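K.L.:
Chain residues, written in single-letter form:
There are 2 protein chains.
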Amino acid sequence: MKQDLDQLMAKRNLDAFVIVSDENYNPLVDYMTNGARVFGGYVLKKRDQPAVLFVNPMEIEEAAHSGLRVVSYSDINYTELLSNRLPESALQVELWKRLLGLAGITGGRVGIYGTADLNVYLELFRLFDQQLTGFELVGESGMTLFDEAMLTKDADELARIRTVARKTNEVLQLTWDWIGTHRQHEDGQVINAEGTPLTIDAVKQFVLQALLERDLEDTGMIFAQGRDGAFPHSRGNDAETLRTGQAIVFDLFPRERGGGYHHDVTRTWSIGYATPQVQALYDTVMEAFDRSLEMTQAGQSAQVPQLTVLDYFESLGHPTRRSHGDTHNGYVHSLGHGVGLKIHERPSLSQFRDDVLQSGNVITLEPGLYYPDQNMGCRIEDMVMIDDSGAVVTLTTFHKQLVLPLQG
Amino acid sequence: MKQDLDQLMAKRNLDAFVIVSDENYNPLVDYMTNGARVFGGYVLKKRDQPAVLFVNPMEIEEAAHSGLRVVSYSDINYTELLSNRLPESALQVELWKRLLGLAGITGGRVGIYGTADLNVYLELFRLFDQQLTGFELVGESGMTLFDEAMLTKDADELARIRTVARKTNEVLQLTWDWIGTHRQHEDGQVINAEGTPLTIDAVKQFVLQALLERDLEDTGMIFAQGRDGAFPHSRGNDAETLRTGQAIVFDLFPRERGGGYHHDVTRTWSIGYATPQVQALYDTVMEAFDRSLEMTQAGQSAQVPQLTVLDYFESLGHPTRRSHGDTHNGYVHSLGHGVGLKIHERPSLSQFRDDVLQSGNVITLEPGLYYPDQNMGCRIEDMVMIDDSGAVVTLTTFHKQLVLPLQG
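Residue numbers (the working numbering), protein chains in the order written: chain H, 954 to 1361; chain Z, 954 to 1361.
Incorrect hints may appear among the rest.
It does not matter which identical chain is meant; a pair holds if it fits inside one copy or across any two.
The calculated lysine to aspartate or glutamate pairs, modelled on EDC-like cross-linking and capped at a C-alpha distance of 20 Å, are [unchecked claim]:
1. K964 with E1076
2. K955 with D1001
3. K964 with D1243
4. K1050 with D1279
5. K1157 with D1191
6. K1050 with E1110
7. K1120 with E1076
8. K1353 with E1267
9. K964 with E1041
10. K964 with D1001
For the record, the hints were derived by calculation from the structure and aren't laboratory data.
Note that this is a predicted model, so its numbers are computed, not measured.
Bound conformation, chain H alone:
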């Protein structure tokens, strides 16, 4: 949790950290700035001291909403610095020296986090190593400081996550109901009352509209029919008309508008009816889902639910990445991941990671099976949290019916 940051810094022997951002939404800056809409800022924090937020003067009014100490270019005489027309990288070195000074960071091990242009920082890191004497800049891979802090959510975060979940469930229900108002043309196309074919683009527009009305924003939904659904991240062909009897993978992972907490859910729908093949695939994935949920427990290795699913699928003869290397058929991804300000957080429910499930985790469970040659894929995903008592609470309460009946 956020309150553990100082302790997690100590564990890493970090004296301070700097979060760098660019003009895009930055989840780490958001995490530290209490929802202030700051773009392009730096967060600097000395261990056991409050964080400092550095922003362009144009952002100071927004930055004040963070509750942090806000500093700006005027505090480091930036315009004077610019007027010297230093080379860009030399300018950055001088900027960093002044910034670190402002935040009272006078030396020691400084963790560098955040997202920015690698071309700029490849050059800068080399210069920093030479010119920031007394500082050791520290990177990390794997379970980083912020991964570890974000592993468990505090009460404020959980409240926001529950709100996003409730709204996302509403959007799923509305979409299900709306598609159901359509009817089937004799050729299997789904059409509206006027006979107009219902396209994937129209469905996505409907979903975007429903999200917008709830102050949520899409971050790249998947609505993939038939063969497209057999490629887990194919977003679907917008121009395509919905057809009855096809497996449709609908993966929706919106967040609070402007950047914030996510929900992540997948349903597989077959409109009008399901073929025996699709029904059988669905039943198998549903059974895998139920087994994985049963093995999701606080204190448990996060590998266990994944291994359970691998064992189950393999026992039925489905290829997996464990049994068949880089297969494109069968079960081709891990079981799930943490969800928060980033769509993919820790813990990882993967056989290649060593995370342990615990209270405060918010994770997905999303087994799937994919058969491009049979023009079908299926994935079922809920988001769940592990509460203070260790109970697993399902946040995705929307039903898991496969066949979406046409009422129109």
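Mind docking chain Z on chain H? Use the hints.
P.N.:
Quick look at chain Z alone, frame taken from chain H:
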């Protein structure tokens, strides 16, 4: 232009480049992949060779839309690599070795571009320097390879930019008209026919809706009234009710849905009437705008329009960053910037840069004046392009009237 990439690589003595991305939209990957919706991929290009796109197997179906040669984990035995349970950074080094090999990049100077977690790459760059023998990884600041390519847009890009411009102009007109259907309450609040106060949040919702209907998405619009408008990047207080006689800064910079080309426009509106102070501020900024447009010419230094505005504002006694360092009053930013897949591209219309205007540029002109203590700010921004003949074509055709009359 994109077609100049090989030549621009030669100019930098680069034998190859790699673009890294994370799970978010990446403009450089988009630039290279012809609109394929690929997330988390790497683009590798050897000079004078076609680019190669490396993606997670889950993305291969989308990646195929790029027209590039697509390679995936199975081509580098990634699952086997994962099974060895190497430390995360050692795994990355091995991944890069195999990737570079796949793309036929066997050594030399390799430019690194794209956006990713700095904590990961700070560690990786140090390892690469030790372990990628025969390679020199190259960073750059200032005018980078892609900045330079993107300086000028080709015909396909310009066609898309024109479409986004047309749609954005429509949204501005709709918003203007819709606000105009409201009426004034006796206390100066703007209310609808039922007497409900019109909030900034409601305006933003209206705009988002209008964007959505046109396949555009917002990237953080500003609708800032009174004092908020005097801080150039304050996004405005959503809960606030619109009031007559206040300067409202409305800065809209949407892009194609899911990531793509932007438009960028600002208008300053005063509802019902303008106070003499707001009118005077507006007239001054409008004059600065006209003067800057006049000085925007192919072959001209991009400093010239900015210097023209600085001279004009200072001649009237307004503080600027040139005359008054890090002032928060007066003219506190540069005149404009290139616009494309990124909202801020080159050329920079700044006295601190040495860019030259040329055919194919798509830029903003956006003078402004800001007086927090007087509760008012004003900015007027058009996006213009310089066509093949050198003519400056205004893409923001929406009118620049200050007073938005209430008809309701």
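K.L.:
Can you tell me if K964 and D1001 fall within 20 Å by alpha carbon in one copy, between copies, both or neither?
P.N.:
Only inside one copy: K964 and D1001 sit 13 Å apart there, 48 Å across copies, limit 20 Å.
K.L.:
Given a CA cutoff of 20 Å, do K1120 and E1076 count as a within-copy pair, a between-copy pair, both, or neither?
P.N.:
Neither, since 44 Å and 40 Å both go past 20 Å.
K.L.:
Please sort K1157 with D1191 into within, between, both or neither, judging by C-alpha distance up to 20 Å.
P.N.:
within (8 Å within a copy, 27 Å between copies)
K.L.:
My question is about K1050 and D1279: at a cut-off of 20 Å on alpha-carbon distance, are they close within one copy, between copies, both, or neither?
P.N.:
between (47 Å within a copy, 19 Å between copies)
K.L.:
When no copy is named, should K1353 and E1267 be tagged within, between, both, or neither for a Cα gap of at most 20 Å?
P.N.:
neither (24 Å within a copy, 66 Å between copies)
K.L.:
Can you tell me if K1050 and E1110 fall within 20 Å by alpha carbon in one copy, between copies, both or neither?
P.N.:
neither (34 Å within a copy, 40 Å between copies)
K.L.:
Reference check for the pair K964 and E1041, CA-CA at most 20 Å: within, between, both, or neither?
P.N.:
between (35 Å within a copy, 19 Å between copies)
K.L.:
What label fits K964 with D1243 when the C-alpha limit is 20 Å: within, between, both, or neither?
P.N.:
Neither: 37 Å inside a copy, 59 Å across copies.
K.L.:
One pair to classify: K955 and D1001, alpha carbons no more than 20 Å apart. Within, between, both, or neither?
P.N.:
within (13 Å within a copy, 49 Å between copies)
K.L.:
Is it within a copy, between copies, both, or neither that the alpha carbon of K964 lies no farther than 20 Å from that of E1076?
P.N.:
between (29 Å within a copy, 18 Å between copies)
Checked against the numbered hints above, the structure violates hints 3, 6, 7 and 8; every other hint is satisfied.
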